[in-house]
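Residue-level listing of the chains:
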Amino acid sequence: SQKIEQNSEALNIQEGKTATLTCNYTNYSPAYLQWYRQDPGRGPVFLLLIRENEKEKRKERLKVTFDTTLKQSLFHITASQPADSATYLCALDSGGYQKVTFGTGTKLQVIP
Amino acid sequence: EAQVTQNPRYLITVTGKKLTVTCSQNMNHEYMSWYRQDPGLGLRQIYYSMNVEVTDKGDVPEGYKVSRKEKRNFPLILESPSPNQTSLYFCASGRRVDEQYFGPGTRLTVT
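Going down the list, the protein sequences come from chains A and B. Start counting the first sequence at 1; every next residue gets the next number (this note's numbering). Start counting the second sequence at 1; every next residue gets the next number (this note's numbering).
Bound-form chain B, shown alone:
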């Protein structure tokens, strides 16, 4: 089944404790992206990647890191999470940026 998977789906952590949210797709897509969704602010792009070893900043990259060492994986790293990073996070992939397939989401709470 073609899909984008994210792990974990739910995570509660404390300020400053490094964490990684994994994202994997099995559709051989070149394009992958991370978004955060907050009430009243909608979906905002954090980082995107056009292909292996090619990443670039979206609109809200501060406090996040990404890497694209393999085509299928695009992990999101929070080196020192803070409470303002509490959000619902979505990973997406596509053959192109203009038709994306989204994962199920990761709900992160930073206390």
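Chain A on its own, in the form it takes in the complex:
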């Protein structure tokens, strides 16, 4: 079955810096990879999706890369703000386009 590892449980960075979160996966190549944001006590919120034939995707201050050779996705938040503090989850299809596997998340804290 698909296995996902997000590089760290927690990441602290200074306001204004770029936060980089890592998502590594094993076993096979997914058709897509997604990133979600989750605030305490709330459901995840979809941020970005990148497909297997795409190398990079951007949305405002967010950037996602997808390296199918390394089996890795990087999620960047540029010019980070305290409001970006949250847990970020990566997810990908897990053998059947409609099945989804989520990573355990990285808790990001942006320090003013």
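One or more of the hints may lead you astray.
Derived DSBU-like pairs (lysine-lysine); straight-line CA-CA distance at most 35 Å [to be verified]:
#  : chain 1 : residue 1 : chain 2 : residue 2
1  : A       : Lys99     : B       : Lys69
2  : A       : Lys17     : A       : Lys57
3  : B       : Lys17     : A       : Lys17
4  : B       : Lys65     : A       : Lys71
5  : B       : Lys57     : A       : Lys57
6  : B       : Lys71     : A       : Lys99
7  : A       : Lys55     : A       : Lys71
8  : A       : Lys55     : A       : Lys107
9  : A       : Lys99     : B       : Lys18
10 : B       : Lys69     : A       : Lys55
11 : B       : Lys69     : B       : Lys57
12 : B       : Lys57     : A       : Lys3
13 : A       : Lys63     : A       : Lys3
14 : B       : Lys71     : A       : Lys59
15 : A       : Lys107    : A       : Lys71
16 : B       : Lys65     : B       : Lys18
17 : A       : Lys57     : B       : Lys71
18 : A       : Lys3      : A       : Lys99
19 : A       : Lys55     : A       : Lys99
20 : A       : Lys99     : B       : Lys65
21 : B       : Lys17     : A       : Lys99
22 : A       : Lys3      : B       : Lys65
23 : A       : Lys17     : A       : Lys71
24 : B       : Lys18     : A       : Lys3
25 : B       : Lys57     : A       : Lys71
26 : A       : Lys63     : B       : Lys57
27 : A       : Lys57     : A       : Lys107
28 : B       : Lys57     : A       : Lys107
29 : A       : Lys71     : A       : Lys3
30 : B       : Lys18     : B       : Lys69
31 : A       : Lys59     : B       : Lys57
32 : A       : Lys17     : A       : Lys63
33 : A       : Lys107    : B       : Lys65
34 : B       : Lys69     : A       : Lys3
35 : A       : Lys99     : A       : Lys59
36 : A       : Lys63     : B       : Lys71
37 : A       : Lys99     : B       : Lys57
38 : A       : Lys3      : B       : Lys17
Honestly, the hints are just simulated from the structure, not real lab data.
Given chain A, put chain B in place with the hints provided.
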């Protein structure tokens, strides 16, 4: 307002007492799914549905049932809850599986 709603939001029950958690979406989405979230294990998919009367198992379907009789509703049924089903449950919907909108969550405690 476009949303996914779940009821109840909090539930404490006893082992073996059947319960249903409702999920409803008003976005006319074909795809709906249930997840449970546990510390250290992340979000795990229980069941999903591609459309009315079409459901399939996710990674952790044991002890759960679902039905999709109408497009907007996707209830999660626990026929005989056990303490290991104590968890935070999320329902989600989307036009496709790759962009899901999540509900607010249902915190279930089984004693």
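> Checking against the hints above, which ones are violated?
Replying inline: The structure breaks hints 3 and 10; every other hint is satisfied.
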